[in-house]
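Could you build the full structure based on these sequences and the hints that come with them?
Residue numbers (our numbering), protein chains in the order written: chain A, 1 to 340; chain B, 1001 to 1336.
Worth flagging that the hints you see were computed from the coordinates, not collected in a lab. Nothing here was measured: the structure is a model prediction, and the numbers come from that model. Virtual Cβ for every residue (Gly too), placed ideally from N, Cα, C.
Label-pair restraints from in silico Cβ distances: (1) A:Pro-36 - B:Val-1153: 25 to 33 angstroms; (2) A:Ser-152 - B:Ala-1125: 50 to 58 angstroms; (3) A:Asn-183 - B:Arg-1322: 44 to 52 angstroms; (4) A:Lys-256 - B:Val-1153: 50 to 58 angstroms.
To give an idea of the interface, some chain A residues facing chain B are shown, with a C-beta separation under 7 angstroms as derived from the structure: (5) Gly-62; (6) Val-64; (7) Leu-155; (8) Gly-162; (9) Ala-187; (10) Lys-188; (11) Val-190; (12) Gly-197; (13) Lys-199.
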Amino acid sequence: MTIATRLLTIPALALAALSGSATAQLTGAGATFPYPIYFKWFNDYAAKTNVRINYQSIGSGGGVRQISEQTVDFGATDGPMSDAELAKAKGGPIMHFPTVLGADVIIYNVPGITRSLRLTGPAIADIFLGKITKWNDTRIATLNPGVNLPNSDILVVHRSDGSGTTYVFTDYLAAVSPEWEKNVGRAKEVRWPVGLGAKGNEGVAGQVKQTPGSIGYTELAYARQNSLAYAHVQNAAGTFVEPTIASITAAAAGAKLPPTTDYRVSIVNAVGKDAYPISSFTWLLVYRNQADASKGKALKDFLKWAYSEGETSAAALDYAPLPGDMTKRLIARLDSIKTP
Amino acid sequence: MITEGSAASVPAAASPDRTDGRSLAERIVGSSAGDRVYVAVITGFAICVPLLLVLIFWEVAVAGWPAFREFGFGFLTSSNWDPVQHQFGAAPAIFGTIVTSLIALVIATPLALGVAVFLSDYAPAWLRQPVGFLVDLLAAIPSVVYGLWGIFVLIPVMRSSVMPFLRDTLHLGATPFFRGPAYGPSMLAAGVILAVMVLPYISAVSREVLLAVPRSQREAALALGATRWEMIQKAVLPFARSGIVGGVILGLGRALGETMAVTMLIGNRHDISASLFAPGYTMASLIANEFSEASDDLHLSALMAVGLTLLVLTLVVNGIARWLVWRVARRAGGLP
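What follows is the structure, given as structure tokens:
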């Protein structure tokens, strides 16, 4: 290559870079739980439209911090932002847009038991409070007639790292047990009354797999992909429901949201005969007042695409899609994002 | 007996160069502009590193200050870590950090010393290189791999064999230190994995120090009729003592700060328990566990304060170590 051609290629490269920057580029950060589906969405969308979205799965807390500090174009979280957090955020009002649904499942290792155990919310709460300490406790035995439960200690295993999975689980326990709500509360990280802390879904699952007599919780996608046995949980209507994509979507459908909702709602212990009770939204966090016209439009277009086409690929990755009428309402809600 | 006299001999060696009242270094510095630039550059580099430490210390202290202001001394003595109620006390993490590190040293130091003595004085030449290399290789294993190995190999063995053996067969269950159910994840398991992780550091340093002991030292002992063991015990080990202590301290520093493998094995529970079978917490794993999801200001500040405590603890341990090395070296110098 001669010097002349080299000099010629430099402006050509610069032009290419310029034309590249003409397509919008968005930056987001936050929750790790929906990362696989977001990754697929961003890839599919980039292939279709040239809009590139760079997402860092640094955790929900990081997502909330970063959008509050205006260092990203959008955030993502597994637990809704609190009123105090919203009030403190720089960059004006932040809107919550639910994207997909996830659920926690109760996994256990009871020697000799192969069929799915049935559990109620209060029983799970009392196990995690340390009030039910034996597997053959009458409160478990009466729920599972014909199952030969051993007279062994229950070892509780919970997450040690702050996590949206823990938020959903403690949110559920607080909803079904006043004692849990009063003494422990709902958060991504709580003061556990009993048990061992293990890091990540894989840590909890590994510990439960190895320790006879243990019980823990993981997100559904993780349990399904690793073929773990999980409990059927009694919902608000009194039926014992197996966690499936359909029963999780049913939990969202059962939530009767008012027209003015900001979607910062919990759907644990949802009404509806088929609803799995330990279900939750995961949200994207978006500024109501977009500072940049092209980025704002790109973000709205992306969300519209996600609600219309993206949702269809959710189930393949073990995420439950939003109910159809909710996506319609959410697409209409996109108009309230203001671009300059 | 010849001892480490290097510090004392430096001025003596330097004095012949002081012909015109300037040291050798000073005269060289004055010789050319290039040298002056060189000195300026390396001085800058040398200052950068301590400056970095000061900056880290400053930043962590500023970020952690709100937690110290809120909880005062109670931050270090309370066991209540409750992010929901905004109550933060780091005592279990401080306790767990120290206990697991001590377990690691108690197990690793004799093993590492054994390896070092074997390699320096007993191993046949053909065995020395491969064994030394393999022991050093332990330091190259990523800590998450240690953690996985711990979960899938060490913990099942601890739960089914080691813990029942200690508690029931040896009747150590009668003491408060080996009581309670053996679930596996525990301060003991974390200490054992730490021992494996710090062993290569201690053994590598000790081996080099033992090999540096002059041949004349060994020959003199043998000439006086000492057996091989007496030679090592009376002539070689005392000579190498300060270096060995340095190696142990290096290992301790590694143990205090180790995060991933410990998090995976310690059970992550905010409790102070005398029993090593009980789960615990360490400061490094507390930060690693909670930092990414902490959005509340006080929670973040509390984690920074834990970081500051860990930093101070490490500095104090290093200070004590330096003092120990200095004392040991001085006492060794006083030997006949």
